[in-house]
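J.: Using the sequences plus the hints, can you model the full thing?
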Amino acid sequence: MLGIVSVCPYGEVSALDARLGDTQCEITDQETQIMHRLQDAVLEKSQALYSVMEHAAELDCLLAFAAAARENNYICPTLTMEKTLEIHGGRHPLQEVCVATFVANNTISNSKEGKVKFLTGPNASGKSVYLKQVGLISFMAHIGSFVPAESATIGMLDGIYTRIHTQESISVGLSTFMIDLNQMATALKSATSSSLVIIDEFGKGTDVADGTSLLVAILKHWLALEDDCPHLVVSTHFHSILKQGLLPSSTQLRCQTMEVIPNGDEMVFLYQLIHGQTDHSYASHISSMAGLPDEIIDRGQQVTELIKENKPIPRVDQAGAEKQLTWYRSVVAKLMEADIDTVNMKTFLQGFVIPTISQDGKSL
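UniProt numbering numbers the first residue of the sequence shown as 1 and each following residue consecutively.
These aren't lab readings, by the way, just hints derived from the structure by calculation. We treat Cβ as the ideally placed atom computed from N, Cα and C, and that holds for glycine. Where hints are given, some of them may not hold.
[Stated by the list, open to error] Beta-carbon label-pair distances, calculated as ranges:
id, residue 1, residue 2, range
1, D210, M53, 51 to 61 Å
2, A290, I164, 45 to 55 Å
3, G276, P312, 51 to 61 Å
4, H142, Q33, 45 to 55 Å
5, G144, A209, 38 to 48 Å
6, L59, D207, 46 to 56 Å
7, I75, S175, 40 to 50 Å
8, I170, A209, 24 to 34 Å
9, H88, M53, 38 to 48 Å
10, A224, A290, 36 to 46 Å
11, S175, L306, 28 to 38 Å
12, A224, C61, 15 to 25 Å
[What the hints assert, rightly or not] Here are the simulated lysine-lysine pairs, PhoX-like style, with alpha carbons at most 20 Å apart:
id, residue 1, residue 2
13, K243, K204
14, K112, K220
15, K204, K220
T.: See the structure below:
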């Protein structure tokens, strides 16, 4: 406040400053010294602490394996040095917890039962789930986990190579098909007779003829190795590969499909792997399930049938143009039949042309 001057004796101020003035700084200095001593103590025991952390992480992993195995009814797989994969009642570890009922499937891959499985089947019939299931069970067995199956004998693998998921990114600078090719190139260069290769619809990123040719060439390369080919599971919608006999006869090749039962206009998916093949993907049915308009689905079916019969594909508006041309011809025919000298053109137009226009919705 103006006009008021406070005066403190110098001796008292000096005493307070000496006793309390630097308390905060002293507290901070003490904290720093304590942290340094703690740091030195921790560093002296760093190796022991790292070891404890590693063992705790391993124990946590083993406990998680045990809990998952007990809760999800996993079994202990048998590992062998033989080149075989034998899985009975295999299940997808993630898919089975997302659905009310999961259909288990068997997988047998060895020199006797064939190491190359060629899988065809309709869209949404379970092919991709099955392929991932085989890869996941094999991987889980190799990391020491129990596996989702009734029984499993897994040969030791030196690698698992897949062409299932395409991770697209602008930073990569590669097209979708180029990424797929890189994945296949890695498998072709690195896979041995003790490897597992999983291929899901390779070639769909390019022209059908080119994609089919590349897939056939890759399969021929591995089939030529006979017993030395890797464990190979392939799914595709290129039905012409089997229909045209593009693959060579081999003791290692087995054709399989996912069982489907047609029920009128609907399809019943059983998700059961069986021996055999299919030449239909039932894309129109899946499109209907996805909610596409009926006119688009009908048009797609029409184009499919025309392609199968090697017939030209008319434009969508061509049917209306042909109907209009037919109407024009009928009018011309009536005019040709009429006697121009005697006919009353007004009566002719009112009696034939105008009613026809009103009926067909046409205009001159």
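J.: Hint by hint, work out which the structure violates, then give me just those numbers in ascending order.
T.: 2, 3, 12
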